[in-house]
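Number of protein chains: 4
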Amino acid sequence: MLTPEQQAEIDAERAEPRQTLRAVSPGMERHLYTAHPVLDHGFVRVIDYMGDDNAITQAARVSYGKGTKAVSNDEGLIRYLMRHWHSTPFEMCEVKFHVKLPVFVARQWIRHRTANVNEYSARYSILDREFYIPEPDALNAQSTVNNQGRGATLQGEEAARVLEILKADSTRSYDHYEEMLSQDGKDGLARELARMNLPANVYTQWYWKVDLHNLFHFLRLRADSHAQYEIRVYAEEMCRLVKDWVPFAYAAFEDYRMGGANLSGKGVECVRRMLKGEEVTQETSGMSKGEWREFMEVVG
Amino acid sequence: MLTPEQQAEIDAERAEPRQTLRAVSPGMERHLYTAHPVLDHGFVRVIDYMGDDNAITQAARVSYGKGTKAVSNDEGLIRYLMRHWHSTPFEMCEVKFHVKLPVFVARQWIRHRTANVNEYSARYSILDREFYIPEPDALNAQSTVNNQGRGATLQGEEAARVLEILKADSTRSYDHYEEMLSQDGKDGLARELARMNLPANVYTQWYWKVDLHNLFHFLRLRADSHAQYEIRVYAEEMCRLVKDWVPFAYAAFEDYRMGGANLSGKGVECVRRMLKGEEVTQETSGMSKGEWREFMEVVG
Amino acid sequence: MLTPEQQAEIDAERAEPRQTLRAVSPGMERHLYTAHPVLDHGFVRVIDYMGDDNAITQAARVSYGKGTKAVSNDEGLIRYLMRHWHSTPFEMCEVKFHVKLPVFVARQWIRHRTANVNEYSARYSILDREFYIPEPDALNAQSTVNNQGRGATLQGEEAARVLEILKADSTRSYDHYEEMLSQDGKDGLARELARMNLPANVYTQWYWKVDLHNLFHFLRLRADSHAQYEIRVYAEEMCRLVKDWVPFAYAAFEDYRMGGANLSGKGVECVRRMLKGEEVTQETSGMSKGEWREFMEVVG
Amino acid sequence: MLTPEQQAEIDAERAEPRQTLRAVSPGMERHLYTAHPVLDHGFVRVIDYMGDDNAITQAARVSYGKGTKAVSNDEGLIRYLMRHWHSTPFEMCEVKFHVKLPVFVARQWIRHRTANVNEYSARYSILDREFYIPEPDALNAQSTVNNQGRGATLQGEEAARVLEILKADSTRSYDHYEEMLSQDGKDGLARELARMNLPANVYTQWYWKVDLHNLFHFLRLRADSHAQYEIRVYAEEMCRLVKDWVPFAYAAFEDYRMGGANLSGKGVECVRRMLKGEEVTQETSGMSKGEWREFMEVVG
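Protein chains in written order, with this note's numbering: chain A, 1 to 300; chain B, 1 to 300; chain C, 1 to 300; chain D, 1 to 300.
It is possible that part of the hints are untrue.
When chains are identical, the list treats them as one kind, so a pair holds in a single copy or across two.
[What the hints assert, rightly or not] Derived pair list, reagent style DSS-like, types lysine-lysine, alpha-carbon separation capped at 27 Å:
(1) Lys276 / Lys289
(2) Lys243 / Lys266
(3) Lys266 / Lys276
(4) Lys289 / Lys243
Worth flagging that the hints you see were computed from the coordinates, not collected in a lab.
Let the sequences and hints guide you as you build the complete structure.
Structural data, given as structure tokens:
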């Protein structure tokens, strides 16, 4: 995944600690620059960060004044802020990732607009010959119940046929990409045009910088079980990094966002009726079938 | 480019004018819903808009109070606002486009983050068999002077070879895409996976909504002669639409942004020296070679 | 609240319906330009809007393709989108308000950054002599249980003392503002300086333009019972307008956001245990006292 | 300006350097936490930062690939990026300030929306008795030529009269604020209401976090000679800090933004004609009087 040159660069960056007066997160320092592998050729690595758990409460205390000092310890205050959707203190932390990822994953990712991005330019430079080819257990059939989900894993010949196509087409596309660019004797097509022949499983890379509040929003959607597997594995890797960076904030995020649930007004009403001993059915709930199914998943 | 069903839908939408008390731009009403062709299968069409030239000055007058009424007519005030980078009154106009465009163009476009987007989902639905194949006069060699530009048009065999590759690979990729999705007897790969085989010249589409200030920013960069041809033709089509929508604002944009130039502090100094009759060269200008070349293009 | 000139302007704008091909919301047309009074001198009025309920589902259908046409009617699809936090289709509607409001309310309001604003400039123009003086039933003591809330209504002498101060200080501040600006014989202080003498209950006004998704976010926070009364009355008035503009979207917002509740992972666990008949207390819930109190308010 | 407690806190934070693997800017480390005084009671201090000059070129090289390594040194590349409005690499640096400032300055400042803010809450806490009272040489008359500017400095009795009003009204407002809040024997007005009596020269404070690109945009507008003096002094202080943080980027900003000029299409045309020896006047320039005056200021 990493070239020897890249590994040498990482080793060099990690070799020389410097002195700073800024807030330091020991958990995050351990991860700095290291490439955490994701999928077959991808990775996530932290290039820089700003702030720690304490930076969140410090910002909250600017807002709420002296009162907050007495009332709560850091962990309790962070849970309070998360519970009441006080998002601005979480915006006071920032992190910058270097990510290598297939183009079709990048296209989903970029829909989150409140972040800063520098992507490798295929107008300017030539892309590497690296394509995402799924592992056999990530080759699923179209879901028969959910228009945007996956069903059973493909087996045997089915799986083989698909892998064969993906590999052959990736190779051929890249061969032709190179051929069109090539200049020996011929003119060579402009890079900005040649790239159009490359399929969406080719790898790209970018720097992605985001504040903690918006990162949590991204992770809630993309580390969710309904997210596409290929973006979810990136989100899950980032969850592990964030947990080491801001442990209190991450724990609150896990409890209130990832592990929590939203009830509608009708859902709240149903819970109350059920707790009073009433038998509630979809018909008497006022909910549609889809809502009722999701509600029953929450209340178990 | 449009299916008969789509054309029928456009005709139906255009058949029934309704009454409104809102600001109406007659120039824009003429374009509403109509698909303006761009590239071989793409289009731009206006789905909705808010405001007109008058909405810009009306907002400015909320800010600046009664004074502005006397001082200027609408055109003069709009030129004043544009010249002094008072951007908020231009943000008071909004427009919503439906755009069909190749994926590699969409990837450039989406880097402009201050807009709202709903893109066709290839997780959820199946993409159409439509690919961008350049016209012969848009097939250029890599520029030899600019890392991110195009040089001479490819000729004869060179051009034929490239077109051949693009067409054959598009067809084969789509055949395989369909084959992987196909379910007759077999399981059929999930759409969210199958799409990864499609190259970047496949067409996608989206609704794109943006305010006039941010649209002008987009147009300044993308209707510029240094922009890639394939996005520039979209920007140029949108320029024509905006010109009919808000003629005063567009004229000011053309004069101060598209037709204007930024001089550096050194550039201003050089102009002054030159106007005093001094012979200024790159060496005595304090500029680098690149800066000097660009400066000379401005002062002609 | 409105000067005769302003009323005449509104009447003129409302007198002349024009023809348009755009989506029209009949419920919103009835409100256009009309100033809805809020507090003692404030108002909210709709200046323009883009889209209706149908514009939301139309955008969703661009994303999800043909499938969505069969599955759901408009109302059902809108509820589905709201329930699953698919925010982009709601961003396809836009609305522009003209609001007159006290400065301390404006300062809270502006913290919502994803909107466009043109505010009356007190650098450029002279503010009017209008101050917010609360009605007697809106004069509350500091809450003794909540650091950022109100307690009992002030009574008798207490209330009279406060009203007396607010009125006298407003009057005196404005007298001095005028006096400092005045130029008869004297030089007259610059407006941008004189304004610093005006208290936070002076009225300002602005145009505020926002998309429906971000407006819902604003309304959820500001029409909430914990919001300060003086901003809540604006939010409530806007709720009424939005309800007439996009009735399906507003109903979904009311059910899933305003009337709904967020449960933490611990909260979900407690509900499940309670539904199985277990007696759960704060001690056995794993929650802090504050969390438990809020949880009990939800499950009733 | 600082209480002994605050100074002790700063001293403690500055006493303990820690080790980090992140990019460190030695010039910025020297400023960390130190309160730089602005106006009579305000300050700016840097709480944290992310990145340095090298972080900008590192991000640019992710985008432009290997080519950029050979072509340019860091300084040249940064100048190139600034000249061609490649803003994303500058977004890769971030800085967090703690600012104490009068409310009327805060109201201007907050119009820059692409930043993160935590402001001291006067709903939750009680504001300090600190007001901005201008120095005599900052007391100007309204400009007679510019609706939003200042003219001559007020002299003698004029100045004394104004200072007298500002001081007396500030004192009285704050006395009454305290009196309304007071609870001895009486109920005490809620803080969220009492604050409305405080004038716009009362001091507030906030944490303000922003990326370098957006900070430059802020500084270009607010360190400009047309900005109001009371916000300009903050911007100028921040310019000094940024210069020590990212010296190459700041130098490029100074040359291309602060010291540069925008010419309209007409302006470019006039420069060309003038350089050919033609006598150009306002009448033959095609510009309005205002445009011509501004143009002549540029070309000297």
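Hint check against the structure, violated hint numbers in rising order: Every hint satisfied by this model.
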